[in-house]
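One-letter residues, chain by chain:
Protein chains: 2
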Amino acid sequence: MPEFRNPAPTVDVVILLPGDRVVLVHRKNPPLGWALPGGFVDEGEKLEDAAVREAREETGLAVVLSEQFLAYSDPRRDPRRHTVSAVFLGRAAGEPAGGDDAAEARAFAWGALPSPLAFDHAEILADARRFLLTGARRRP
Amino acid sequence: MPEFRNPAPTVDVVILLPGDRVVLVHRKNPPLGWALPGGFVDEGEKLEDAAVREAREETGLAVVLSEQFLAYSDPRRDPRRHTVSAVFLGRAAGEPAGGDDAAEARAFAWGALPSPLAFDHAEILADARRFLLTGARRRP
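Residue numbers (the working numbering), protein chains in the order written: chain A, 109 to 248; chain B, 109 to 248.
Extracted from the complex, chain A is given alone in its bound form (with noise of 0.2 Å):
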């Protein structure tokens, strides 16, 4: 089978701690600003296994996925390459540490998110958190 020029598969991960919060990881790499806890799937990894050890590795936390939500696929959505996100919510205990390619980890309320917000996390922030209040996704 031939190789064609595809997106790349990537992961990223709404993480849910106590006291209505989500953590986002400041990321030390171009393109700056806050994110959500994330990288590209390897070969031969399910989704689900690359969302928990993106997780693992960006912010120390053990994360139970609840939930494989939407994915995003906007070409501009990463000024390097062309990226696919499949996007998870999950919940973990615990505080949040950086690690990896997080400069730093941490958790926020919901009503005071940090920004600048890298790629279109604050689209897919406020995507999640109208599905966690209405149970309703985004159409196509």
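Hints may be right or wrong, so weigh each one.
Restraint ranges, calculated between C-beta atoms of paired labels, are given here [claimed, not checked]: (1) A:W218 with B:A211: 46 to 56 Å; (2) A:A201 with B:E175: 27 to 37 Å; (3) B:N137 with A:E212: 42 to 52 Å; (4) A:E231 with B:R164: 21 to 31 Å; (5) A:F216 with B:K136: 47 to 57 Å.
Calculated directly from the structure, the hints in this document are not laboratory data.
Here the structure is a predicted model, which is why all the values come from computation and not from measurement.
Glycine included, each C-beta is placed from N, C-alpha and C at the ideal position.
Please build the complex by placing chain B on the supplied structure of chain A, with the hints as guidance.
This is chain B only, laid out in the frame that chain A set:
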């Protein structure tokens, strides 16, 4: 940014036709069998655009997407290479006609699906049917 070895992103579409029917294509390339219309996502192409394009190429139908469903990523789901498929639900009118990678495209009643079904499409169809009847999605 270095190139990693990643799974390839694909789309599959559950096309619903009037009369509670779903459209499947009979593959003319291995793995043989009946399958959901779908294929690889092109660089620079959104998942939604790939889903509409593949549906048109393989069935001749103009699909209106109604829902982004789940993504399937088991490394064994395609014997040729690791693919991650984002599955969409959509509706169309008219009757399907085969083309492209599909030797034949046909509408089936949900209670009379053909076999064998290629890839993990039996699982996807069961999950989609359950979602259409109950609104429930499989959890991670």
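Checked against the structure, which of the hints given earlier come out wrong? none
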